[in-house]
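The opening residue of the sequence shown carries number 10 in the working numbering; numbering runs sequentially from there.
Among the clues, some could well be false.
[What the hints assert, rightly or not] Straight-line alpha carbon distances no greater than 25 Å define the calculated SDA-like cross-link-like pairs of lysine to any residue that follow:
(1) LYS316 x GLY55
(2) LYS42 x ALA309
(3) LYS24 x ASP337
(4) LYS42 x GLU290
(5) LYS344 x HIS29
(6) LYS316 x GLU21
(7) LYS35 x ALA355
(8) LYS42 x ASP321
(9) LYS207 x ARG325
(10) LYS42 x HIS320
(11) LYS316 x ALA303
(12) LYS344 x ALA267
(13) LYS35 x ALA25
(14) LYS35 x PRO62
(15) LYS24 x ALA63
(16) LYS42 x ARG64
(17) LYS344 x GLY111
(18) LYS344 x ALA63
(19) LYS316 x GLY291
(20) LYS344 x ARG64
(21) LYS42 x HIS29
(22) LYS207 x ASP321
(23) LYS42 x HIS20
None of these hints come from the bench; they were simulated from the model.
This structure is a prediction, so every number in the text was calculated from the model and none was measured.
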Amino acid sequence: MELPRPRPWNHEAEKAARAHLDQLTKPPGSLGKIEGLGAWLSGITGACPPRVPARARLYTFAGDHGVTAEGVSPYPSAVTVQMVLNFLAGGAAVNVFARHHGVELVVVDVGVAGDLSMCRDTEHARFVNARVRPGTSNMAVEPAMSRAEAEAAIATGIRMARAAAADGIEVIGAGEMGICNTTAAAACLAAVHGMPGKLTAGRGTGIDDAGLARKARVIDAAIARGQPDRHDGIGILSEVGGLEIAAIAGLCLGGAEAGIPVVLDGFISTCGGLVASVLDEGVRPYLLVSHKSAENAHWAMARSMGKEPLHDLDLRLGEGTGAVLAIDSLRLAAKVMNQMATFASAGVSNRS
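Take the sequences, apply the hints, and build the full model.
Here it is in structure tokens:
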């Protein structure tokens, strides 16, 4: 498939932003990662100081996984449908987070196995039916999906990013929902970096030690079966990935094309960014890892992309909750650059 190309990075604006930050009434670097966020936003938008992003939209992609049959999650696949309905009813954690921080929520069915024909837009969230297929196959015994299906899911994410750009959205968040998607994300990480399942598998929604060992064995079996090429992002998705992971990869590609920052959530969402960076390394500068997930391999996944997670709050829910928090921090960073006085304007002595 033909992939969109990232917009060129504005190094001059980023450089000007860092110089501007050093003239604000504070010791240089004293606002830590908030300063880095402001400079990052300038590099994306080409403006110093950057505009405070008023409109933000979170896309929560939902998909099921055939690997559930291997007993790698204590929850049944039916929970995916139930949680999509919960999102639309406004009762999930991500609804609370999004309402509090003024972030639009769009729920996208890209691969749910159950019936969602009754779903419509609500006051709490928009709903998009973009189902490629009703869940993946069991990666332990066969490819999770075909290459064409992986491409279709990627195209869905690209389409969502382009729609956001057309609507004037200034920040995009990437969330997900899907029972067993930590297994798919861990398998993708194993495929990209040649890591064994025991290093990439985490406890997900709360499996015990025996379940964790079983999850690692399933990941190893899937990699041994499919032998995905670490340089073939679409091949990795088709062998061991998830439809929601593929859609997030597409969202990252489309966001970079439009010059819009893409805020990743936790382990699964960051995996979408990892796959996107395999497809095109030029995507990486446009991605922000919102927080360090409690999933043990998330830190390694983020660092492999050259990313330092913004927050560390022991979050492991998904849905896009951490992304919403980081969007608020991004707005704060822009406000700091726009509203803080400089040493000269405030009549405050700078350091000698």
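Straight-line alpha-carbon gap LYS42 to HIS320, limit 25 Å: Since the Cα atoms of LYS42 and HIS320 sit roughly 9 Å apart, the hinted pair holds (cutoff 25 Å).
Proposed proximity, ALA355 with LYS35 (alpha carbon, max 25 Å): 12 Å, holds
Distance restraint between LYS207 and ASP321, which requires alpha-carbon spacing of 25 Å or less: 23 Å, holds
Satisfaction of hint between ASP321 and LYS42, Cα-Cα up to 25 Å: Between LYS42 and ASP321 the Cα gap is close to 12 Å, so the pair holds against 25 Å.
LYS42 paired with GLU290 [C-alpha distance capped at 25 Å]: 23 Å, holds
Proposed proximity, ALA63 with LYS24 (alpha carbon, max 25 Å): Holds, at roughly 24 Å.
Proposed proximity, GLU21 with LYS316 (alpha carbon, max 25 Å): Holds, at about 21 Å.
Straight-line alpha-carbon gap LYS24 to ASP337, limit 25 Å: 23 Å, holds
Straight-line alpha-carbon gap LYS42 to HIS29, limit 25 Å: Holds, because 15 Å separates the two Cα atoms, which is no more than 25 Å.
Pair hint LYS344 and HIS29, alpha-carbon separation not exceeding 25 Å: Distance of about 13 Å is within 25 Å: holds.
Restraint status (C-alpha distance of LYS316 to ALA303 at most 25 Å): 16 Å, holds
Pair hint LYS42 and ALA309, alpha-carbon separation not exceeding 25 Å: 19 Å, holds
Hint check: no violations occur; every hint is consistent with the structure.
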